[in-house]
Amino acid sequence: MKHIRNFCIIAHIDHGKSTLADRLLQTTGTISDRQLQEQTLDDMDLERERGITIKSHAIQMNHEHEGQSYVLNLIDTPGHVDFSYEVSRSIAACEGALLIVDATQGIEAQTISNLYLALEHDLEIIPILNKMDLPSADPEGVTDQIVELIGCDPSDVIPASGKTGQGVDAILEAIITRIPHPKGDVEAPLQAMVFDSVFNPFRGIIAYLRIINGSINSGEQVKFINTDKKYYADEIGVLGLDLIKKKTLSAGDVGYIISGIKNARDVKVGDTVTLVSRPCPAAVKGFEDVKPMVFAGIYPVDTEDYEELRNSMEKLQLNDASLVFEPESSAALGFGFRCGFLGMLHMEIIQERLEREFNMTVITTVPNVSYYAYTRKGEKLVINNPSDLPDPSKLEYVEEPYIKASIITKGEYVGSVMTLCIEKRGELRNQVYLTSDRVELSFEMPLGEIVFDFYDKLKTVSRGYASFDYHPSEYKESKLVKLDILLNGDQVDALSALIHRDHAHNLGKKICLKLKELIPRQQFMIALQAAIGAKIVARETISAVRKDVTAKCYGGDITRKRKLLEKQKKGKKRMRQVGNVEVPQAAFLAVLKLD
Amino acid sequence: MAGLYFHIPFCKQACTYCDFHFSTNRSNEDEMISAMVKELELRSSDWRTQHFETIYFGGGSPSILNKGQLHRLLEAAYKHLRVDSNAEISMEANPDDMSKDKLQEWRTLGISRLSVGLQSFQNKRLTWMNRAHNAEEALACVKRAQDIGFNNISIDLIYGLPTSTLEEWREELAIAKSMNVQHFSAYILTVEERTALHHQVKKGSVKPAPDEMVEDQYNYLCSWAKENGFEHYEISNFAQKGYRSKHNGNYWNWVDYLGVGPAAHSFHNKQRSWNIAHNINYIKKLSEAVLPAHGEALSKADEFNETIMLGLRKTEGINVALLNSNYLAFLGEDALLSKERLSDRHLAMLSIEDGIWKMKELDWLLCDEVSAALFYSA
Ligand SMILES: Nc1nc2c(ncn2[C@@H]2O[C@H](COP(=O)(O)OP(=O)(O)OP(=O)(O)O)[C@@H](O)[C@H]2O)c(=O)[nH]1
Ligand code: SF4
Ligand SMILES: [Mg+2]
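Quick note, the sequences are listed as chains V and L, same order. Quick note: the first sequence uses this note's numbering, first residue 1, plus one each step. Quick note: the second sequence uses this note's numbering, first residue 1001, plus one each step.
Since the hints were made in silico from the structure, they are not lab data. Hints are supplied without guarantee of correctness; some may be wrong.
[Unchecked claim] Distance ranges between label pairs, derived from CB positions:
| no. | chain 1 | residue 1 | chain 2 | residue 2 | range |
| --- | --- | --- | --- | --- | --- |
| 1 | L | Lys1177 | V | Arg50 | 53 to 61 angstroms |
| 2 | V | Ala331 | L | Ser1377 | 26 to 34 angstroms |
| 3 | L | His1199 | V | Thr227 | 45 to 53 angstroms |
| 4 | L | Trp1254 | V | Glu307 | 40 to 48 angstroms |
| 5 | L | Met1001 | V | Glu352 | 50 to 58 angstroms |
| 6 | L | Met1001 | V | Ala331 | 52 to 60 angstroms |
| 7 | V | Lys245 | L | Asp1046 | 24 to 32 angstroms |
[Stated by the list, open to error] Okay, derived cross-link-like pairs now, BS3-like style, lysine-lysine, Cα gap no bigger than 30 angstroms in a straight line:
| no. | chain 1 | residue 1 | chain 2 | residue 2 |
| --- | --- | --- | --- | --- |
| 8 | L | Lys1246 | L | Lys1358 |
| 9 | V | Lys509 | L | Lys1202 |
| 10 | L | Lys1203 | V | Lys561 |
| 11 | L | Lys1226 | V | Lys563 |
| 12 | V | Lys567 | L | Lys1012 |
[As the list claims (entries may be wrong)] Beyond 12 angstroms from chain V on every Cβ pair, some chain L residues (computed):
| no. | residue |
| --- | --- |
| 13 | Phe1010 |
| 14 | Asn1025 |
| 15 | Ser1034 |
| 16 | Trp1047 |
| 17 | Asn1066 |
| 18 | Met1129 |
| 19 | Lys1177 |
| 20 | Met1179 |
| 21 | Ser1236 |
| 22 | Gln1240 |
| 23 | Arg1244 |
| 24 | Ser1287 |
| 25 | Val1290 |
| 26 | Asn1319 |
Where is the CB? At the ideal position from N, CA and C, for every residue including glycine.
Extracted from the complex, chain V is given alone in its bound form (with noise of 0.2 angstroms):
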């Protein structure tokens, strides 16, 4: 155990985590450079388009250190603020953190809270100044940023670049120095807390394991303390880039499970693992559960693939423990789910991965957070669709989730931030000089005005100078009424929105005018209006389709065209009939992308 370091990756999005890793992979032999692409650990597709780091990713690393060798788990996690839950999880498996800060960027928002997420379970920190090859690169300005804010010694913080190698044997000695080996009883009984999960469809369920106390052998009869439900462990390992079989793991390691487990449900992130021969007596702390952010309904775009988005959405949430859904019909779209999303990126991420996954193809509705409505009766509700607000008539009242945001900007741009989050019914609580130019502003907002593209116009009006990170504060009362969207006359319940009284006629003109550039016309003329309660605030109208051909069938290519026109009878991907209008799912994330 002496000769076992678990640590972590944390940063801000883009500070250069999973970079930094390839070089500790590389310098360490642990995959070879053939093996070696930029952002190895990114191994999703989509994190390999998008860039960025979705999932936590844990692997081993052997090290010889003084003579030694020593055993590292790595685990590299996602700066995205939608998925610091996927940070908390990584902490919990670790004695230490790399605090990765860009040398060029210095602190921002997510740097914060992550560190302090580190800090709440006790891990050693290591900061780090990564991006030193950049000639922009302000190693004094920055050190002393990291200094201020941590309290350690600026030669504590070691410059590096995960571009050139620069800083990784250095990197590596100080994780072996200063973060401490795991403490455990390895002759204890055996506690393993699961800290992430997999579903893999040759081998069922694998969950991901720090070994707290005590051992266990590949054979033996395992028991997941809060399902109550007992298993065989028909293989153990650890992680590499690979999975790596092992006899035995004991206390310290990180590893995996596999033990046959089928159904989605019966492994919970945060379960403790004991042997049934000789059980633990108390489970370790498991995780929070997370609090979804924002709801939207998810909807297959066939109405007879319902039980298998179901299926699909349970593997998913293996994958994913933040994801959250509830059955729920529509009016307009048929059966689905209500499901909570950590973000937009969140959401955005769990329809694609469906897709490309599952081969779901889905229909996401008007995204929307989480209010508590009051009826005159003396009830609570909680609404997580707009649907289901009380009718005006028997409602008392409505309240909104607010939140705490912190920003982190250059003083120049601080009037431009200040006007959106005033626009955003933000009110401005502290206003901190970090240094002389990097101002931290702290406000109090409605999360709904802040989950939906806050964070795009905020970069646009600081010109991508100012980061952004949230919590949620409290629920506040606040005037907000819902916005119908009726086509042909006919409600669509999937396209209403609650939306403050006073910004309200203003939207529902500019929904209208939105939708009639998404809905491509049809074969009929549509009416498109917007209304709250009884009264119609805003219309507009596409006109039936007066051309649909392809001018030119060219070089006798007929096949291609009579393959058109086949697919053209069958209907359109991604559309759904509503009435009998076919609405391309553009439309249901139409209220969020208005100017």
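Starting from the known structure of chain V, fit chain L with the ligands onto it as the hints suggest.
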């Protein structure tokens, strides 16, 4: 009767909207001609009994070939196939290639019909399309060809351009009129995937013309053609009496055609086949004497649907009585076309007389919608 098509897969530069198969790397032109000659030789045994009445050089840009290259292709055609002595031999020509010398060469090779890719008479449009010619060349080339003796000339025009106006289109047509050509094709600009234009539209830097504008331009085109004695015989094609394109007619009339060259399509014994759209692989395969083609045999449903799709594109329309009786035994009652099954919208777009269904001229732009609605799907 049959047609022969040569696909010449080279262009000087890529036009913004074009998704035809071509390469701007012209270093292997001669190897390509050899491979095409080889393909013709390999295929010829299947086509021995056919009588070829048309030969068509398309592309790409066949007009960039030199005399020797064209000669080799024609020589192979005459050697391996039965070509009618009065065959219509057409050449797609770009204005920038139509020098006096070249035009004369083409005459000596027996080319009887030119299809000239003018597209527009305005420099700003031609530049935007990334065409290799300018407005001046567009105006001069047709005159030059006529002076040399070409008397069967077609020109291509594109309308429905982004930001275009009816006025602009009128002016284009007025210039076209002054050229005294026998035939013209007018295509609506379509945004095809994998083109520069598609990229621009996606990114938002180009906004396609609104449907209303395209429709206005189309309606004007129809009345202009009528006034000037052109018959609107296919959605995008207009001809003076006796000057329809025979070769293109084959595609629409289910006549067999042999396509030679990368990406070329063939139709033979109710089988469709197409060559790979890749110059280097095409040459490589043929150097191994392998035909680089894929194909499909038409099912009865495919035949039925093609008859509808092709029929509605022509002024002749579909002979529904015949179609129904031919396919009843194979596809059953459900496939049959009848007025009662048409939606009011589609019924209003068709002219129906003596069992012949045709698109009304002013509704022709909705031909795909109507075709899809009439298709049989199992
Ligand atoms: N010049 C330079 N670029 C770097 C360095 N480290 C990372 N980058 C670049 O910075 C970008 C982000 O790097 P990643 O390693 O994906 O960052 P990350 O922190 O893992 O990002 P998330 O996981 O999405 O939070 C990539 O384009 C890298 O190539 C460095 O040391 N020098
Ligand atoms: S339009 Fe003609 S000349 Fe232009 S790229 Fe296409 S094939 Fe070549
Ligand atoms: Mg990363």
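Hint check:
1. L:Lys1177 <-> V:Arg50: 53 to 61 angstroms: holds, 54 angstroms
2. V:Ala331 <-> L:Ser1377: 26 to 34 angstroms: Since the Cβ atoms of V:Ala331 and L:Ser1377 sit about 29 angstroms apart, the hinted range of 26 to 34 angstroms holds.
3. L:His1199 <-> V:Thr227: 45 to 53 angstroms: holds, 51 angstroms
4. L:Trp1254 <-> V:Glu307: 40 to 48 angstroms: The hinted range 40 to 48 angstroms holds for L:Trp1254 and V:Glu307, with Cβ atoms some 45 angstroms apart.
5. L:Met1001 <-> V:Glu352: 50 to 58 angstroms: holds, 52 angstroms
6. L:Met1001 <-> V:Ala331: 52 to 60 angstroms: holds, 59 angstroms
7. V:Lys245 <-> L:Asp1046: 24 to 32 angstroms: Given a distance of about 59 angstroms, which is not inside 24 to 32 angstroms, the answer is violated.
8. L:Lys1246 <-> L:Lys1358: holds, 21 angstroms
9. V:Lys509 <-> L:Lys1202: Holds, at roughly 25 angstroms.
10. L:Lys1203 <-> V:Lys561: holds, 26 angstroms
11. L:Lys1226 <-> V:Lys563: violated, 33 angstroms
12. V:Lys567 <-> L:Lys1012: Not satisfied, since the Cα-Cα distance of roughly 35 angstroms exceeds 30 angstroms.
13. Phe1010: Label holds. Min Cβ-Cβ 15 angstroms, cutoff 12 angstroms.
14. Asn1025: holds, 21 angstroms
15. Ser1034: holds, 22 angstroms
16. Trp1047: L:Trp1047 is indeed farther than 12 angstroms from all Cβ atoms of chain V, at 15 angstroms.
17. Asn1066: With a cut-off of 12 angstroms, L:Asn1066 remains clear of chain V, as the shortest Cβ separation is near 23 angstroms.
18. Met1129: It holds; L:Met1129 is separated from chain V by about 15 angstroms at its closest Cβ, greater than 12 angstroms.
19. Lys1177: holds, 21 angstroms
20. Met1179: holds, 21 angstroms
21. Ser1236: Non-interface label on L:Ser1236 violated, nearest chain V Cβ at 5 angstroms vs cutoff 12 angstroms.
22. Gln1240: holds, 21 angstroms
23. Arg1244: The assertion about L:Arg1244 holds, with a minimum of 15 angstroms to chain V.
24. Ser1287: holds, 24 angstroms
25. Val1290: holds, 21 angstroms
26. Asn1319: Given a closest Cβ separation of 19 angstroms, the condition holds.
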